[in-house]
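There are 2 protein chains.
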Amino acid sequence: MSKNHLYKGALGTVLLKLLEENGRMYGYELSKKALELTNGDLDITEGALYPALHKLEADGLLTSESERIGNRVRKYYSLTQSGSGAARSRIAELEEYAGNLQKFLNLKLSNG
Amino acid sequence: MSKNHLYKGALGTVLLKLLEENGRMYGYELSKKALELTNGDLDITEGALYPALHKLEADGLLTSESERIGNRVRKYYSLTQSGSGAARSRIAELEEYAGNLQKFLNLKLSNG
DNA sequence: GATAATACATAAGAAAACTATGTATTCTTG
DNA sequence: CAAGAATACATAGTTTTCTTATGTATTATC
Numbered sequence: 357m358s359k360n361h362l363y364k365g366a367l368g369t370v371l372l373k374l375l376e377e378n379g380r381m382y383g384y385e386l387s388k389k390a391l392e393l394t395n396g397d398l399d400i401t402e403g404a405l406y407p408a409l410h411k412l413e414a415d416g417l418l419t420s421e422s423e424r425i426g427n428r429v430r431k432y433y434s435l436t437q438s439g440s441g442a443a444r445s446r447i448a449e450l451e452e453y454a455g456n457l458q459k460f461l462n463l464k465l466s467n468g
Numbered sequence: 357m358s359k360n361h362l363y364k365g366a367l368g369t370v371l372l373k374l375l376e377e378n379g380r381m382y383g384y385e386l387s388k389k390a391l392e393l394t395n396g397d398l399d400i401t402e403g404a405l406y407p408a409l410h411k412l413e414a415d416g417l418l419t420s421e422s423e424r425i426g427n428r429v430r431k432y433y434s435l436t437q438s439g440s441g442a443a444r445s446r447i448a449e450l451e452e453y454a455g456n457l458q459k460f461l462n463l464k465l466s467n468g
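Chains P and G, in that order, are what the protein sequence lines are. Its first residue numbered 357, the first sequence is counted upward by one per residue in our numbering. Its first residue numbered 357, the second sequence is counted upward by one per residue in our numbering.
Just so you know, these hints were derived from the structure itself, not from any lab. In this text the structure is predicted, and so the values were computed from the model without any measurement. All the given hints hold, so there is nothing to weed out.
Copies of the same chain are indistinguishable here, so a pair counts whether it falls within one copy or spans any two.
No farther apart than 20 Å at their CA atoms in a straight line, the calculated lysine to any residue pairs in the SDA-like style are these:
| # | residue 1 | residue 2 |
| --- | --- | --- |
| 1 | K364 | D397 |
| 2 | K359 | D397 |
| 3 | K364 | S445 |
| 4 | K359 | L405 |
| 5 | K431 | T401 |
| 6 | K464 | I447 |
| 7 | K389 | G455 |
| 8 | K364 | P407 |
| 9 | K389 | G368 |
| 10 | K364 | A404 |
| 11 | K431 | G403 |
| 12 | K464 | G368 |
| 13 | K364 | N456 |
| 14 | K364 | E452 |
| 15 | K431 | E421 |
| 16 | K364 | K411 |
| 17 | K411 | R446 |
| 18 | K459 | S358 |
| 19 | K464 | S440 |
| 20 | K389 | Q458 |
| 21 | K459 | L386 |
| 22 | K359 | S445 |
| 23 | K364 | A448 |
| 24 | K364 | D399 |
| 25 | K359 | K389 |
| 26 | K364 | I447 |
| 27 | K359 | L386 |
| 28 | K411 | I447 |
| 29 | K464 | R444 |
| 30 | K459 | E449 |
Use the sequences and the hints to build the structure in full.
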């Protein structure tokens, strides 16, 4: 069972991170990679994946190229220059958030 | 400027954590404490706070008592027994998520 | 006396997810 | 070889969860 609910709001940043690391990926590949790297916690549904990719592209952070593999079409995405910058800042922000959240959740009354 | 967007989906768990640590708090107090403990990152708006508290109460995780302080009414919330259990499991789940997220965001191609 | 802070609440709207559905190709397995 | 699973895209309708805006009222500050 997925823990998608925890990743609420982080999906765009997760996609940017994957593209930053892997350079060029298509939607289905991104969803499988996310599943693998989160040990099955993040099972991105198609209804979340494709609109999210379209939004990142509309925002100028991604470009896409459709490629014909046999009779099947794949749409490869990669970061634009602006997307690389956004990736760095969004990843850093989310990392900081994760650290702050851990500290907060570990607080004991004695500390505070 | 707040970083509320990062806390998307985590608000209920944050409130449970605060009540677990402090025992008995009212809405306004919860929002100020969250602001303080997150160094200003989490500025819970009233439109998020009160519906969230009402939902936790409706779900049986909180009970409330209205108390008259001078001429002003405060609504104090505390965890029910079921709420204590939910707090523990939700906090643990979110902690684990934060750790996994950090690992994921720190991945380098060489690792994966 | 005006403004900010305290204290609750709800309504309308937006964002981001989910479920469901649609189309089509390719692989696997009985 | 037929059926089902996996691959690969996409969108529509719905739900959740937040924001912004509004409302009421008391108390503190300047």
